[in-house]
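There are 4 protein chains.
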Amino acid sequence: MLFERIESEGLAHYSYLLGSGNEAVVIDPRRDCQVHVDRAAQEGMRITHILETHRNEDYVIGSTELAARTGAEIWHADSQLDYAYGNPVADGQRWRIGEVEVQALASPGHTPGMMNYLLHDAGGRLWGVCTGDTLFAGSVGRVDLAGPERTEEMAGLLYDSIFERLLPLGDGVLVLPAHGPGSVCGGSSIADRPWTTLGIERRHNPRLQVASRQEFVEQTALTQPFPPYFAMMERLNLEGPPSLPRLPTPPPLAPEAFQTAAGDGTIVDLRDSLGFQAANIAGAVSIWTPRLARYGGWFLPYDRDLYLVAGDGSVTPAVRTLVRLGYDRIGGALAGGMEAWQSDGLPSGSLMNITVPQLRTLFEKGGEPWILDLRTADELENEGRIQGAYHLPLTDLLARMDEVPREENIFVFCGSGVRSTIGASLLARQGWRRLTVVMGGMEGWQALSASRR
Amino acid sequence: MLFERIESEGLAHYSYLLGSGNEAVVIDPRRDCQVHVDRAAQEGMRITHILETHRNEDYVIGSTELAARTGAEIWHADSQLDYAYGNPVADGQRWRIGEVEVQALASPGHTPGMMNYLLHDAGGRLWGVCTGDTLFAGSVGRVDLAGPERTEEMAGLLYDSIFERLLPLGDGVLVLPAHGPGSVCGGSSIADRPWTTLGIERRHNPRLQVASRQEFVEQTALTQPFPPYFAMMERLNLEGPPSLPRLPTPPPLAPEAFQTAAGDGTIVDLRDSLGFQAANIAGAVSIWTPRLARYGGWFLPYDRDLYLVAGDGSVTPAVRTLVRLGYDRIGGALAGGMEAWQSDGLPSGSLMNITVPQLRTLFEKGGEPWILDLRTADELENEGRIQGAYHLPLTDLLARMDEVPREENIFVFCGSGVRSTIGASLLARQGWRRLTVVMGGMEGWQALSASRR
Amino acid sequence: MLFERIESEGLAHYSYLLGSGNEAVVIDPRRDCQVHVDRAAQEGMRITHILETHRNEDYVIGSTELAARTGAEIWHADSQLDYAYGNPVADGQRWRIGEVEVQALASPGHTPGMMNYLLHDAGGRLWGVCTGDTLFAGSVGRVDLAGPERTEEMAGLLYDSIFERLLPLGDGVLVLPAHGPGSVCGGSSIADRPWTTLGIERRHNPRLQVASRQEFVEQTALTQPFPPYFAMMERLNLEGPPSLPRLPTPPPLAPEAFQTAAGDGTIVDLRDSLGFQAANIAGAVSIWTPRLARYGGWFLPYDRDLYLVAGDGSVTPAVRTLVRLGYDRIGGALAGGMEAWQSDGLPSGSLMNITVPQLRTLFEKGGEPWILDLRTADELENEGRIQGAYHLPLTDLLARMDEVPREENIFVFCGSGVRSTIGASLLARQGWRRLTVVMGGMEGWQALSASRR
Amino acid sequence: MLFERIESEGLAHYSYLLGSGNEAVVIDPRRDCQVHVDRAAQEGMRITHILETHRNEDYVIGSTELAARTGAEIWHADSQLDYAYGNPVADGQRWRIGEVEVQALASPGHTPGMMNYLLHDAGGRLWGVCTGDTLFAGSVGRVDLAGPERTEEMAGLLYDSIFERLLPLGDGVLVLPAHGPGSVCGGSSIADRPWTTLGIERRHNPRLQVASRQEFVEQTALTQPFPPYFAMMERLNLEGPPSLPRLPTPPPLAPEAFQTAAGDGTIVDLRDSLGFQAANIAGAVSIWTPRLARYGGWFLPYDRDLYLVAGDGSVTPAVRTLVRLGYDRIGGALAGGMEAWQSDGLPSGSLMNITVPQLRTLFEKGGEPWILDLRTADELENEGRIQGAYHLPLTDLLARMDEVPREENIFVFCGSGVRSTIGASLLARQGWRRLTVVMGGMEGWQALSASRR
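Residue numbers (our numbering), protein chains in the order written: chain A, 1 to 453; chain B, 1 to 453; chain C, 1 to 453; chain D, 1 to 453.
Just so you know, not all the hints are guaranteed correct.
[Said to hold, decoys possible] Derived DEER-like restraints, expressed as beta-carbon distance ranges: (1) M352(A) x D303(D): 35 to 43 Å; (2) R246(D) x R400(B): 39 to 47 Å; (3) E368(D) x D303(A): 46 to 54 Å.
Hints listed in this document are in silico derivations from the structure and should not be mistaken for laboratory results. Values in this document were obtained by computation on a predicted structure and should not be read as measured data. Just so you know, even glycine gets a beta-carbon here, dropped at the ideal spot from N, CA and C.
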């Protein structure tokens, strides 16, 4: 039997490839899907089926692309929606893949139509369940996507799915969720366990330690931020996204050509925070490649071409992430990076920065820095606050930018320094000038405090 | 957290790499161990600990090599043995790796000193156990390695380890064994489930469906063949094997140079069975690369140089397998393969072959072919017999070769045609001439019968 | 400066990638052209120009595909033809690529519109010339493609191009031809020199050692076989071939599914000759992957799906070759290869074979075998003949098959055994049964004779 | 025939692999030599010979390592020296490699014992010459290594070697030098031509455009800087360097462990200049990986462990360069890079920077910045000067550091900003504080001026 969990890095999204005999099925394929085709072919297997757990909102699903490359049947879960492709799944439906069987298990809650998939081995023994966004390691799916007015209803459904449908399958069954730690969907609450089971979740998942359905609903029926790109993802996943014959190769553009072309587009600076601080192009949005999946959808437009600035390495990982988020308009990449930009005598800006030991010294000397803390409310609660800091979560920054004074020296603060640089870049392109990034952020602050004790 | 199961293909052996923070541990490293070093370094982790589950008998463990490359501590399990390296593990011993903890759990049975390792996550929650050769998916470790006189004692210990120490950990705990399906150790009885848990094994492992310790002992205290290379492996794993600075690259030798050099060595023909049947060098032992891990140790000498004949591809996969079995004396590879051999006008032999439809026709016409069936007794019992076939398991062939008549036309038979070609090559180098391989073997025979119905 | 010669293996075709600053040009791109895009992007260069030396007849050129991926301009050479894409080149035309310059040099002969391209460095110094099919290492282009009636005219033009336009550029200029040794176009006459210059060719190219234009014309105005696929290539290269968004992945098919599907198609057995001899599917055409570029176009149809049988390795190299020859209809690949075929109990045929020592013994014992020699007339002349052999070049076999007696034991013979197996497969699918392949062929025969002396 | 030029990136050093039949020779192998072994084996060739052109001074040659892996014979050129390994080459000596021949041609000048190697094809035709450090594209080898008192003598010998031995071989012969553009040996004078010939060099190499031996000697007998590591290279290449069984993998160290360990070593910051400017560890030497081959030998000690700080990517390219320069003492790498350093709350420094447009504005406003220009005298002459700048070549900085005032604001300047950052890091670790790097350097300055016109 072939079984692989394929991670889309950054998104922390998992696709699953299951094969037996000469057939294979992919559950929730990613858009840059040739990896599935190649892996199956390498094992002498043809992908015959594609199963979706639900209409995803956080990435573009690869079902139509993979079907175009393999001829596989597509089965989508949210049968009440009006998909432009594929067939609707019925609860209890079964598919034969070589010598093994996969069976659908309706588990509404995250979405009304969510399906989970039971995996049996050749002897008919259940060994795993693809839980989609129903159940994660240490967490459960959010229930506010159907609208704020339905969160209680959906939380109740989620309780029933988990407690009445999943847990009774038995402690020994592996839980194969659609997301791992670091996902937008599960947030920071997804636990860092490589593999998990219904038994481990039953005992250790904090969301399942409830005395009643009512208690679960009260704890789970929360509203979370709804990134602007979710609407685009939902539409694409309903209509089927544009064909992506291969990963795009953005044309490398010499600095002046880049400058000219980018005039009508948006510059995305993918370098790490320090490189951006030292020198950056006017108007560029800083998003370090490893954070692109998490923050790209908040700050990048779909209706303008993107122009990429990368560091030492290639832009391929960023391009891969962008197309997974539906950003197909990539106009070019800066050939030679910022070194070439400087060597062509072009102007650039910079951001000041400060280490946490320096920040502490500032406090110790009686300074009262205007600190802009971009972390989430949860982080503030769990990891503590900096005295006097002004709290404005990064994802609200565009909407609430006016709360940041222009005439003050702003010390931009977050967990480690990455979000501060994103935030500072957003402020800088709107004209803020007196910006200092606190490197290390709360992690550094706490480490420093610990080392003092 | 970093967690990877690294398979040594062919051996169906699993090493495990577990990392947290900037540290990592490898459990049962393979000898060609750079894969562990590279993977850890890629994640910013240093391998600080090497844990052995037991003194292995079926492959050369990579502990000393990996320690030489990383400075990691070695901990070996069989503390009653006199190892030339490393430190002995005590039951209950704990190690901290970054933010997680690993704990030893004595589980004798397969060997007297077998240790299993409990894996906890950063919150101290047990999520998996490395079961070594104690418990496999669908099977348990063999208990006859300490000698035939101790099998009942060892089977009893194994029962205690599984039923009193492992299963009480809870159904939800992942079982991470040292072997997957296809292993020499677990034989064909290891189930083809990608991942498993204590709960799945408790319910579905046929060896655990017993009413009492006594019943388990009766069913498990069996003696199985003891391949000749096991003794070498045990010695190397006690003394520490010779250093292997990198994977050897056997020098490509032109046909005549190969012929000359191989005069004092053993030729191993790694091509698939059909290629060997069509043309082969006198005296060559046929072992198709994918079966080298399973049969190499039975038929290849340690005290002579090996000379390799490969097909289209490279010899690297075979070399990798050979060094894992402790075969460090690889004298060369035939440059240009059998095509070059023929183009140099050198002599070769061939084997006749027959398809299963042809064999059936032969029977239908009243023929009484002398069939040599090289399958195991288990296979005969489970998959049926060919009428009138003479049974002689491949692994006994060298010892019992005289039972095969020289003057008959011998139809060599096995499960699919691979072992028949190995067996025919062994017979041919001892002078048997009238040899015909039955392609497809019992699989083909049964498929043919099924299609008839 | 970036400069790479990219070989299309098998075809022995060379594309050239030349880059400077942030721009690059590709001369005669191959159809699976992403390699050019990636390599240029890796160096921070954008492909801005595509230059064709001529309307090629032996492979599908990648100009339209590469233009679709990069936006580069296409310039085709044969301006008198009616191309459906691109712009016609004028003699002497210049292009600036970053800091270097490329200039067209008309050099008719192989085709009436052939263009060569002069490469200058940043200082304006000529250092190389892309000679297309005008001049090769040790050979010149064939002149019969414009029709047998024009060979003398074309040979004269070729003389002028080489002697009056190329050689006067100076001995030190590198010759960068469109083909290396092993090409269909230059045949076996292309010399095995890794790189060459006008000086080396002037002195050592046997075709240039002539006293007069007349002598050159007499020696060069020859008619050679015209493979049937050339017509297809010429049409595709005029119209622009179908889009090839990525290399196809033929679906792996289980043996019975393969058998059924292949009923309406053509089976191509890509394994080496020995594997084919030992067992093969009825009707399969044997072409070993490394010879597919050379012989595929002679024996495979464009209007039926191809079904592939591969050995140990993957079918990717074969697929790559097939699409370069315009074979886009690839229906599937046999999952599990011939081993799976046998294990499913399906019938197969085989070919007898014989070594050259055995053939000699046959002669020595007075045998008079009916030998079918499939080599070319040139080979017979240069490398000798086997006494009594019947000569019929492989590429004429389909047309002249009736000359081969059906009732005789046919010993099929060639240079090394590969073409004999191709030929034997063609005969077998037309019903010939008494076929024996002579392994090693003339190479083996000569080596054997040499070792006797 | 197999022929490959293998570049050691950064060093711009070329090894050559030449194979024929089943044998191969490597000329000037690099120390991390498995690439040669693998490439030859892939072609079915065994490396039987290793030829050195001369006792190299700028990198560690891989002869003994490659011999240990292949059993090949080593032939070294400088027979008057007292090598601890290999056999001395005689002028005119010949070796047979498969069907081709290589012949030694003494060509003293760069070193007294320099040998060049003539490459013939299977027909005995000379097609190329490995010129070592005798002749490069657009340049010739330096003649001052035997000591300043012998430069004239050596320049005369070099003239004789080039004009009397090489050029008479004929314009058409390919020139295959030991270095390409970017080498320490040939300096910036090596031309950017991908391949060259004796004819091109005869006509276009500026060093060969002389009227007499005397003129050549006058122009060539120059003394250039002698990097401190040359002495170490010469010793290692005479004695045979320590065995390098495989590329080292520096252990990743968590920030505090790195800080502690590096206390007795030297920190090398491999990130690009901008990253270093934004934040760096006290005492770190900045050398961007792509410049490590050029500047590492000037500024890094052999007798202390090196500790590496890398950016996004891996340290492997840097490690490869370091071992080529004989730096085998690599103590570790900073796990998680500078992000982890900040997140652990550790202190760091930074450098100020300025763009060239800002520098111009400074001048325009009447500022008189103290500019430290680290370029070479040649660069100043060829590319111009900045008004009022103080010239001190980077490679002299350690010796002449006191010339830089401590109390001034120093604007560190070079060609593009890389060397300024190296220089600033050297100054900073000696206590200079008021340092500003001019990004873009002279390239940017000139581009800015050009855009103004």
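Now the hints, each set against the structure:
The beta-carbon spacing between M352(A) and D303(D), approximately 39 Å, falls within the hinted interval of 35 to 43 Å. Against the hinted window of 39 to 47 Å, the Cβ-Cβ separation of R246(D) and R400(B) comes to about 45 Å, which satisfies the hint. Taken as a hint, the range 46 to 54 Å holds for the pair E368(D) and D303(A), whose Cβ atoms sit roughly 50 Å apart.
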